[in-house]
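Peer 1: Protein sequence lines correspond, in order, to chains V and W.
Oh and the first sequence: position 302 is 381 in the numbering used here, straight run, nothing missing.
Oh and the second sequence: position 196 is 211 in the numbering used here, straight run, nothing missing.
Treat the hints with caution; some may be incorrect.
[Stated by the list, open to error] What follows is a list of derived Cβ distance ranges for each label pair:
| hint | chain 1 | residue 1 | chain 2 | residue 2 | range |
| --- | --- | --- | --- | --- | --- |
| 1 | W | Leu22 | V | Gly336 | 36 to 44 Å |
| 2 | W | Ile291 | V | Glu386 | 29 to 37 Å |
| 3 | W | Gln203 | V | Asn264 | 51 to 59 Å |
| 4 | W | Tyr74 | V | Pro391 | 50 to 58 Å |
[To be verified] Okay, derived cross-link-like pairs now, DSSO-like style, lysine-lysine, Cα gap no bigger than 30 Å in a straight line:
| hint | chain 1 | residue 1 | chain 2 | residue 2 |
| --- | --- | --- | --- | --- |
| 5 | V | Lys382 | W | Lys144 |
| 6 | V | Lys306 | W | Lys144 |
| 7 | V | Lys333 | V | Lys480 |
| 8 | W | Lys188 | V | Lys338 |
| 9 | W | Lys188 | V | Lys355 |
| 10 | V | Lys480 | W | Lys144 |
It is worth saying that the hints were derived from the structure and are not from the lab.
C-beta atoms are modelled at their ideal positions from N, C-alpha and C, and glycine is treated no differently.
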Amino acid sequence: MKNVAVGLAVVMAVLIAAPMLLTPATAPAAEDLKIALVVPLSGRWARQGQLKKMGAEMAIAEVNAQGGIKSLGGAKIVLREADAGDSVEKAVSAAQRALTREKISAGIGSWLSSFTLGVTEVAERLEVPWFTLSYADSITERGFKYTFQSSPVSSAQAEQALEQLVEIAKRNNQPIKKAAIIGDNTAATVFFFKPLREKLLKAKGIEVVVDEIWTPPLADATAIVQKIRATQPDIIFYGATNFPDSIQVLQKIKEFGVKSPIQGVGAWLVTPEYVKAVGPELLDSIKAVVAAHPLKGQEELVKRFKERTGEPFMTQDPLMSYAHVWIIKEAAERAKSTDPKAIRDAVAKLDITSGPAATALAPGRIRYDEHGRRIGAIPIIVQWQGGEPFTVAPNELATRKLVWQAGK
Amino acid sequence: MALGDFLQYVVTGLLVGGVYALMSIGLALIFGVMRVVNFAQGDFMMLGMYMTYFLTTAYGIDPLLGAVVIVPPFFLVGVAVHRVLLARVTGGGDPQRLMDTQLILTLGLSLIITNGTTMLLTPMPRGIKTSYATQAFAVGPILMNEARSYAFLMALFLAGVVYLFLTRTDLGKALRAAADEPEAAGYQGIDVRAMHGLAFGVGIALVAAAGGLLATYHPIEPTVAVNFIVLMFVAVVLGGLGSIPGAFAGGLVIGIVQSLTLLVLPFQLQNVGVFIAFLLVLYLRPQGLFGQRLRAV
Numbered sequence: 080m081k082n083v084a085v086g087l088a089v090v091m092a093v094l095i096a097a098p099m100l101l102t103p104a105t106a107p108a109a110e111d112l113k114i115a116l117v118v119p120l121s122g123r124w125a126r127q128g129q130l131k132k133m134g135a136e137m138a139i140a141e142v143n144a145q146g147g148i149k150s151l152g153g154a155k156i157v158l159r160e161a162d163a164g165d166s167v168e169k170a171v172s173a174a175q176r177a178l179t180r181e182k183i184s185a186g187i188g189s190w191l192s193s194f195t196l197g198v199t200e201v202a203e204r205l206e207v208p209w210f211t212l213s214y215a216d217s218i219t220e221r222g223f224k225y226t227f228q229s230s231p232v233s234s235a236q237a238e239q240a241l242e243q244l245v246e247i248a249k250r251n252n253q254p255i256k257k258a259a260i261i262g263d264n265t266a267a268t269v270f271f272f273k274p275l276r277e278k279l280l281k282a283k284g285i286e287v288v289v290d291e292i293w294t295p296p297l298a299d300a301t302a303i304v305q306k307i308r309a310t311q312p313d314i315i316f317y318g319a320t321n322f323p324d325s326i327q328v329l330q331k332i333k334e335f336g337v338k339s340p341i342q343g344v345g346a347w348l349v350t351p352e353y354v355k356a357v358g359p360e361l362l363d364s365i366k367a368v369v370a371a372h373p374l375k376g377q378e379e380l381v382k383r384f385k386e387r388t389g390e391p392f393m394t395q396d397p398l399m400s401y402a403h404v405w406i407i408k409e410a411a412e413r414a415k416s417t418d419p420k421a422i423r424d425a426v427a428k429l430d431i432t433s434g435p436a437a438t439a440l441a442p443g444r445i446r447y448d449e450h451g452r453r454i455g456a457i458p459i460i461v462q463w464q465g466g467e468p469f470t471v472a473p474n475e476l477a478t479r480k481l482v483w484q485a486g487k
Numbered sequence: 016m017a018l019g020d021f022l023q024y025v026v027t028g029l030l031v032g033g034v035y036a037l038m039s040i041g042l043a044l045i046f047g048v049m050r051v052v053n054f055a056q057g058d059f060m061m062l063g064m065y066m067t068y069f070l071t072t073a074y075g076i077d078p079l080l081g082a083v084v085i086v087p088p089f090f091l092v093g094v095a096v097h098r099v100l101l102a103r104v105t106g107g108g109d110p111q112r113l114m115d116t117q118l119i120l121t122l123g124l125s126l127i128i129t130n131g132t133t134m135l136l137t138p139m140p141r142g143i144k145t146s147y148a149t150q151a152f153a154v155g156p157i158l159m160n161e162a163r164s165y166a167f168l169m170a171l172f173l174a175g176v177v178y179l180f181l182t183r184t185d186l187g188k189a190l191r192a193a194a195d196e197p198e199a200a201g202y203q204g205i206d207v208r209a210m211h212g213l214a215f216g217v218g219i220a221l222v223a224a225a226g227g228l229l230a231t232y233h234p235i236e237p238t239v240a241v242n243f244i245v246l247m248f249v250a251v252v253l254g255g256l257g258s259i260p261g262a263f264a265g266g267l268v269i270g271i272v273q274s275l276t277l278l279v280l281p282f283q284l285q286n287v288g289v290f291i292a293f294l295l296v297l298y299l300r301p302q303g304l305f306g307q308r309l310r311a312v
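Chain V with its partners taken away, still in its complex shape (with noise of 0.2 Å):
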């Protein structure tokens, strides 16, 4: 018995030890670099969040190929993912443990506006820089010195893609006079509705005949859409980020044969899944404001990206963490060092205008200003045309030629 006790304890000992005999002792070069990614991983906003890690790993494994961060003496970036989950408190205590259990450069997040406001908190109190998409308005507003804002803001982005679709709309001979805004209660959609509601639309000359807001999810679409029939907007503003709210909505437009084109505030409608649910017929001509979309000339990253990912096609989410991944890198090259503090005094600093970093993002130039705001970043309108999402405008930047649909 006792032999028997001894050969098991010996077996386990092997075990044990055997991995770590395995691996080869060889000491790092260079201080790894850390970036966090705080994302849902889990939850009703897990896609999205699997979406941004796509994009933040493709960067990391070219960064990571091309001899690291030379002036660490080729240090490698390493990602620490954290599962922000589906609410700002799973969030905020996911970034709390991520960034005080180990030395974080910078982190990357969280998506929703919501928990970026509340994970950004963490970052500062901490002083780690923080890349965002977020497009919240109130983001940048609290004067936090490492939060960095990739998007234009929710309300430039309704007045820049407004001025953008009313002169569309004029070229197509189909001026926009009455339109129609639908969506749920979610920051980013409310910040983006609230400038046009109360403001860029009368300015325009444009009248709101709907205007119906939900907290998702959605039980029945039926109403809404019918009050979109009886009213025949010219256009419809939608924000529906909940995706099975969303699909109801479309259902609906196409059950009750409305015909007015629909204008989508945010990446959410141009998401893969989307042609699965409900076909590309039904998506054709929709269009989408985004805050970042392939661009003319990004043709080889989106080949990488489909190739790697087996994704159809590349979005905002996962274009916004590729650049950020390489805007760090390129600060850590400044700041020849691993330090939050120095990394955050050199993106403050930092104006690229090539490599990977800078095109990614239109308009081909990396600067933030004293808010944390990315200079001259402009929205992009996305348009769906024949199942896959192109950009339309701004028309220099533009993959397809935007269609504009019959409003009656």
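Please build the complex by placing chain W on the supplied structure of chain V, with the hints as guidance.
Peer 2: For chain W alone, kept in the frame of chain V given last:
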């Protein structure tokens, strides 16, 4: 408000409510027989949606038929879950302690199913594309969505089958006896534990079938249950805890109230109407629409 509009809202609510009703009777059956509040009920519905989805994509089975095809396998799943897990925390012992362990068990089961599905199938939403999801029957000025109409009829059919089973078969009568008076049923030679397994199996099969019907027009994702579980509980309490016809009526009432709320309140407050109706029922008829008043002796 024109009469046509009003009728449209009622019809829309009724069609939505049909599937709520089918979802809820499974929960009511489990509670009625076992006195277990099953928090994982919505997750079994989600699994039913996925199973129907895979039957459609792999074998081309129409989801309306798929919703029935998945009934037997889910019945077996329910029986197995009862035998392996729930049987350990039901029947005998300190009721308060049992209640605690049951809650922890079903909540834990719910978390494991949701997150396990997220890991295995990824959080990507999927949808079954049916031609009838975007078409409607026109009855005068009223439009009835085809997918929802079919789902409603199937829900009625399945609920009818369950009702006949409970009232016309010996097994169904034994089940009700075990629910009403477990001790006396035991004296009559009814195996109460087996009845629990049967109730859990049927309850799970019904909610999975409801999931299959829902999948004809609603996208499928691992977290889809959170959108429905609260409504199921409200329907069950509304109808009278444990009453099968009550839960069915409760589901229909929720659908109609949700729809009619929009006539008077903005969209953001769609579910407020449901909860106001719920509070009113609790205040005026605390035993629920179909519940029996209990008297302390």
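Peer 1: Please work out if Lys333 (chain V) and Lys480 (chain V) have their alpha carbons no farther apart than 30 Å.
Peer 2: holds, 24 Å
Peer 1: Measuring from beta carbon to beta carbon, are Ile291 (chain W) and Glu386 (chain V) in 29 to 37 Å?
Peer 2: violated, 54 Å
Peer 1: Falls inside 36 to 44 Å, the C-beta gap from Leu22 (chain W) to Gly336 (chain V)?
Peer 2: violated, 20 Å
Peer 1: 50 to 58 Å was suggested as the range; check whether the CB atoms of Tyr74 (chain W) and Pro391 (chain V) agree with it.
Peer 2: violated, 24 Å
Peer 1: Between Lys480 (chain V) and Lys144 (chain W), does the CA-CA distance stay at or below 30 Å?
Peer 2: Between Lys480 (chain V) and Lys144 (chain W) the Cα gap is close to 29 Å, so the pair holds against 30 Å.
Peer 1: Can you let me know if the beta-carbon spacing of Gln203 (chain W) and Asn264 (chain V) is within 51 to 59 Å?
Peer 2: holds, 56 Å
Peer 1: Are the Cα atoms of Lys188 (chain W) and Lys338 (chain V) separated by 30 Å or less?
Peer 2: violated, 55 Å
Peer 1: Can you confirm whether the C-alpha distance between Lys306 (chain V) and Lys144 (chain W) stays at or below 30 Å?
Peer 2: Holds: Lys306 (chain V) and Lys144 (chain W) sit about 25 Å apart, inside 30 Å.
Peer 1: Need the status of pair Lys188 (chain W), Lys355 (chain V): alpha-carbon distance at most 30 Å?
Peer 2: violated, 45 Å
Peer 1: Holds or violated: Lys382 (chain V) with Lys144 (chain W), Cα cutoff 30 Å?
Peer 2: Holds, at about 28 Å.
The structure fails to meet hints 1, 2, 4, 8, 9 from the earlier list, while all remaining hints are met.
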